[in-house]
Amino acid sequence: MPLLALRRVSRPSLSPCQGRRTLTGSLLSARGITKRYGRVLALAPASIDVEPGDALALIGPNGAGKSTLLSILARALQPSAGSIETPAGAVPRVGWVPQRPSHYQRLSPRENLELFARLELVPDAKTVAGRFLALLDLPDDDRLTAELSAGNQQRLNLAVALLAQPDVLLLDEPTASLDPRQRRLLWEVAAQVRGRGGAVVFATQNLEELERFATRVAVLVGGELVFDGSLAEFHTAPEADVFA
Amino acid sequence: MRTVALLLAKDLRTLRRSPVLLASLVVYPLVFAALVGAVVRYASDRPAIAFVDLDRLPETLTVGGQSFDVPAVLDQVNESAELVPMEEDEADRKLSNGEVDAEIVVPRGFASRLRGMAESPQLVLKTARGGFSTRVEQQTQALVYELNRRLQDAYIKANLEYVRLIVDGGSGTFLGNDFDVVGLARAGEMLAEIERTTSDPTVAERARELSTFVRQATLALGASGDSLRATANPIELEVDTEAGRSWLLSAQLQAYALALTLAFICVLLAAAAIASERDENVIGRLARGLVRLRDLVAAKVLLAVVAAVALGVVIALVFGILASVFDVTGGEPWPRLPLLVLGLVAAGAAFGAFGVLVGVIAREARTAVLVAFLVALPLVLLGLLPAGTVEAARWISKAFPFAHAVDFFQASLYDNDPWATLWRQAAWLGGLALVFGAAARLGMRRFVA
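Protein chains in written order, with the working numbering: chain S, 1 to 244; chain W, 1 to 449.
It is worth saying that the hints were derived from the structure and are not from the lab.
Take these hints with a grain of salt, some might be off.
[Claimed, not checked] Just the calculated beta-carbon pair ranges, DEER-fashion:
#1 I396(W) - S47(S): 33 to 41 Å
#2 L434(W) - R143(S): 36 to 44 Å
#3 A392(W) - S80(S): 37 to 45 Å
#4 A150(S) - Q252(W): 49 to 57 Å
#5 V20(W) - T127(S): 44 to 52 Å
#6 L377(W) - R184(S): 50 to 58 Å
#7 L377(W) - R143(S): 35 to 43 Å
Glycine is no exception: its CB is placed at the ideal position from the N, C-alpha and C atoms.
Isolated chain S, as found in the complex (with noise of 0.2 Å):
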């Protein structure tokens, strides 16, 4: 009898039928944006696209305004100017999961996912509460939030962004607090979004990260957007020694 047993779980995706529609042209494009908070300048004016099917990661320094841009573009945030765009029709939908955790610790995981299912107006919270919580391997239990590790919730955070079953899913750090496993996870259903037409894009500061999972590169470096083009053009351009 062998110690150690792997045992393999069928685990619920995000059906790529759910939540598909026809999105043509860019699913989000920043026009100028720019951030002040007083005189500090966190963005200076930066234009970027999000088309279908990409997987956009935002690198630079600590302090770059990844996380200022990615906000924006969640509109979490109010730009100082500028404006987001989306195509005309059918607007695209949104998951933020931001850096640090964005839900109530003294609710249970499933209270969080009921409450913003139902706030986000999915018909069915309760259901779909559950099937996030099977997805995304989260406690289905009477513990509060705050009782869990920070892995569990920053899946959390993940499972009340995917409750829209959005176009875009922007990603802050997203694997921070995660282990291999948890992070094989995240990235697979980021691949379940890019597949059904939508996009992924992602702060980082992991370089093997952006190598697996990149299709294209932002280098933000002090506010401002230095580079933005696809992960080949980036190994040969000077931007690429951001983190050297």
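Got chain S; can you put chain W on it based on the hints?
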């Protein structure tokens, strides 16, 4: 409205998971209400007054034949003011540094003028400017009124003694001079004897006329006691301490208990609730189109309203049950409960909106709770100052819900015709809720900017 209801349900669920917090939120304001009520009662009813006796009043003062036990009179005054005997220099010093609220001086010659009954002796009242001076003046006027009333009684008794002398005859003293009086009764007998024994018809006729006058005068003077009392006290106040509610159950305490509970619970709860949304980093997520910022403000105000109604009804029920058990009359706790609930809603909304504004300004939950407490406390105390003490405080307190809530609760529970007060105070509370709510909504922009 759906999003407001969802957020409200979430907040109530969160609140239910903190039973210790919930219990302390209920118990603390009640204890505080009782303590402040007691302080207000005694602070407003018994100002400290320095008593300077330059005339060295005797233990017993005789005025118009009536003896006054001076220490007993002063003890009686002590029920409404704390009279502290001291020398004039010390009294002046304590008045100037605020240790006493006023100074009453009995000038030299006071007792002799009083005994002489020829001119009114004067007491001198010194008060500080502003502060409680108006209140103290009212208290002292009440004291002088009380002394005058007692002196009037003495004067009336002395005057009636003279009347008795005129009617019945006997020996008396006036301004130090002794005298004997025949009296109307004896005069009548003497006139009857003259009428009976005289042979002169003219004398007999005059004696009859005089006898008629004596009878009429005797009758008239017999009614002089009531006339004198009626002239001295056209309106008499009969104090019946058994007829009203006991102080513990008084409308004033109940209204203060309700308003104090709401002032602290609603302001702290709303401030902490809105700030904790930011602490939990969810405002950005909610503001992405899930919840309008004004709905978020409305949800917190509604949370305060729910807490206000729940706690307010419990407090009202406790007071009502105590009033029923102890058979206290003078109020209408049960029929007026629906009116009270309306007031709880209005006051809860006003306090809640103010709390949300505090929470938005403070931004972080712990800071919000501390700031809410620090802000609520002086505003409550402003509202507790008795009318006529500090005029500026009264006007400032009008800009906050506490005083309006107290007036609303008192009127709703015990006024015979409460409607004018209710409409006025409801308008104030509603207006304040809108103003604070709008300011909080404006402040919320900082959370997503």
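Hints, one by one, checked against the model:
Between I396(W) and S47(S) the Cβ separation comes to about 52 Å, which falls outside the hinted range of 33 to 41 Å. Between L434(W) and R143(S) the C-beta distance comes to about 41 Å, which sits within the given range of 36 to 44 Å. Distance hint for A392(W) and S80(S): a CB-CB separation of about 42 Å, consistent with the stated range 37 to 45 Å. Take A150(S) and Q252(W): their Cβ atoms lie about 54 Å apart, and the range 49 to 57 Å holds.
Between V20(W) and T127(S) the CB atoms are about 35 Å apart, so this pair departs from the stated range of 44 to 52 Å. Roughly 55 Å separates the CB atoms of L377(W) and R184(S), a value that falls within the hinted 50 to 58 Å. Against the hinted window of 35 to 43 Å, the Cβ-Cβ separation of L377(W) and R143(S) comes to about 38 Å, which satisfies the hint.
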